[in-house]
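**Student:** Sequence:
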Amino acid sequence: MTGYIYKNDVELPVSNPQNIKGVAIKNPTVIYAKASAESKGIKTYAQGSNLTYKPYINGWYQATVYINSKAVAGYINAKDVTVPTTSPIAQKGIGLAAPTAVYAKASETAKILKKYVQGSILSSETYIAGWSKATVTINGKKNTGYIKEADLQPLLADRGESGKGIGLVQPTAIYTKAAESSKVLKTYAQGTVLQYKTLSEDWNEATVYVNGKETTGYLKTKDLEDAWSSSQILKGFALKSPTNIYSKAAVNSKVLKTYKMRTVLSYRELSANWFECTVTVNGKKVTGYIHANDVKGVSYYDLSIDQAVAMQMKVNPQTDSSGSWKTATAVQTEYYLNPTNFLQTTSSFYQFLDLSSVAGTNASELNSTVLKNKGILSGQASSFISAAKTYGINEIYLISHALLETGHGNSALANGIVVSSIDGKAVTPKKVYNMYGIGAIDKCPEQCGSEYAYKAGWFTPEAAVIGGAQFIGNGYINAGQNTLYKMRWNPEKMVANGYATHQYASDIGWAVKQTVQIANMYSQLSKYNLTLEIPNYLNNN
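The opening position of the sequence shown corresponds to residue -14 in my numbering, with each subsequent residue numbered one higher.
Simulated from the structure, these hints should not be mistaken for lab results.
Cβ atoms here follow ideal geometry from the backbone N, Cα and C, with glycine treated the same way.
It is possible that some hints are incorrect.
Computed list of lysine-lysine pairs in DSBU-like fashion (alpha-carbon distance at most 35 Å, straight line) [stated by the list, open to error]:
id	residue 1	residue 2
1	Lys19	Lys(-8)
2	Lys220	Lys182
3	Lys270	Lys478
4	Lys198	Lys239
5	Lys220	Lys168
6	Lys149	Lys(-8)
Listed next, with one range per pair, are the computed distances between beta-carbon atoms [to be verified]:
id	residue 1	residue 2	range
7	Ala174	Thr413	52 to 62 Å
8	Val121	Ser0	36 to 46 Å
9	Thr37	Ala411	26 to 36 Å
10	Gln155	Tyr285	34 to 44 Å
11	Glu23	Ser108	39 to 49 Å
12	Thr206	Lys242	39 to 49 Å
13	Lys171	Val121	28 to 38 Å
14	Lys428	Ile74	41 to 51 Å
15	Ala464	Asn525	21 to 31 Å
All chains, please: the whole structure from these sequences, using the hints.
**Tutor:** As structure tokens, then:
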């Protein structure tokens, strides 16, 4: 009798199937008599076993197994196996488990070939999801083993970068391994400034001397407050009586010296919470530390407010308070010129933010807040922080400047323009980026801005962020006008020359208008360093 089968009820096996080498991921992994989970299991393999099979039909592989020394065709559910990566990547990680095991197969139920102490740095390569492959030596013989990815913390791609931090705990420990359970090599008093090299998200590597011998140890990231080196001398006045200079960057450390409130002090930036200074104790110069809450940046000017207003009125100050631009009155000018009119609790106080001081922000936090959904600028926090440290410019100000110039990261210049000619002459075509609108004059914003970027070598977004920062710093910030207030009013030049000059804008409210976005950005952050420089005129306390 002739019968008929609906074509959707059958499937043709793959023609010319090629062997695949895979790994069993189910425990156990069953070889079935037919390509159906309902059929009889003819053989099982332990999880992590290496298997060879061929494509058969959708969702199933065909394998040859031996039963009673006889080759038999069996079938494997595709969900029960996986294929190792064909391009394994070498990697290193810190063993998180105590101990960290290397297994004979990619399975926790497999035999353990070797164990490593928690905190050991292990080499491996990518294998399958959840597992890495490693080579271990047992009795002088090399063996292939497998490590759970969950048992390893990857080392940073940029590991080995030099860093500096302040010990936050008492004492701050250096361990023999990257694990708190390991032996402590050496301890330092809370507040000690320590040098290290980056290693992983949770650990840093440090060189210490034990019994006169150079030894490598490990330092917990959470035990440190980020610190940096700054050669710029800042001035501020003491806010307390007494204001303490500590022997270490910790308030429980020895007090080296004290100063009365409103004493003018000189210091350098060290971290978000500490300044470093040099004081003389018993005739000897020593390094001391001032807590950031104990001082306020200030600049004293040998000039009265009335004298300053008179100088400003001679250069035709402008206001748009009535809806259109007109010359400001002396009273209106005095309001914006006089620092005492602005409260520390308002956004307008950010006009006194020292733009030459890095903000000490966290890249992850910047990316998830102020740079979130900001086009090409999204995820660029590390570039802004690098630019800030390289050229001595506050990264929040750089970001604010970039957001304004790029339309929140969406301008053509920011997203890249291919340049094939410069000043009318052919050049090798390259895509360039310009994050601050540098060189983008009104008559040819994109052409001039992109040609400027080509000449500057800004061929990646990162290069544009970092390279452009140098240009921004050169104009005003690194020329001494390092606050929005000083960009607008330039009190140093009024004192030096006896007249107003080199001012960024004629609008009397310009500095205050710039502060709204900067204040909003700071309000989104939990970690930052706020260095202020408050002007103080004669008889204007």
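**Student:** Give a verdict on every hint.
**Tutor:** Hint check results:
Only pairs whose Cα atoms come within 35 Å are accepted, and Lys19 paired with Lys(-8) is accepted, the gap being roughly 20 Å. At roughly 31 Å between alpha-carbon atoms, Lys220 and Lys182 fall within 35 Å of each other, so this suggested pair holds. This hinted pair checks out: Lys270 and Lys478 have alpha carbons roughly 34 Å apart, not beyond 35 Å. Taking the CA atoms of Lys198 and Lys239, the gap is about 29 Å. The hint holds against a cut of 35 Å.
A threshold of 35 Å between alpha carbons decides the hint, and for Lys220 with Lys168 the separation of about 43 Å lies outside it, so the pair is violated. Simply put, Lys149 and Lys(-8) have alpha-carbon atoms about 70 Å apart, too far for the 35 Å limit, and the pair is violated. Taken as a hint, the range 52 to 62 Å holds for the pair Ala174 and Thr413, whose Cβ atoms sit roughly 57 Å apart. Against the hinted window of 36 to 46 Å, the Cβ-Cβ separation of Val121 and Ser0 comes to about 42 Å, which satisfies the hint.
Checked against the given bound of 26 to 36 Å, the beta carbons of Thr37 and Ala411, roughly 57 Å apart, lie outside it. A hinted range of 34 to 44 Å holds for the C-beta pair Gln155 and Tyr285, which are about 38 Å apart. Against the hinted window of 39 to 49 Å, the Cβ-Cβ separation of Glu23 and Ser108 comes to about 45 Å, which satisfies the hint. Between Thr206 and Lys242 the CB atoms are about 32 Å apart, so this pair departs from the stated range of 39 to 49 Å.
Between Lys171 and Val121 the beta carbon distance is about 31 Å. The supplied range of 28 to 38 Å therefore holds. A C-beta distance of roughly 50 Å is found between Lys428 and Ile74, which places it inside the suggested range of 41 to 51 Å. The hint said 21 to 31 Å for the Cβ distance between Ala464 and Asn525, and at roughly 25 Å that hint holds.
Of the numbered hints given earlier, the model fails hints 5, 6, 9, 12; all others are met.
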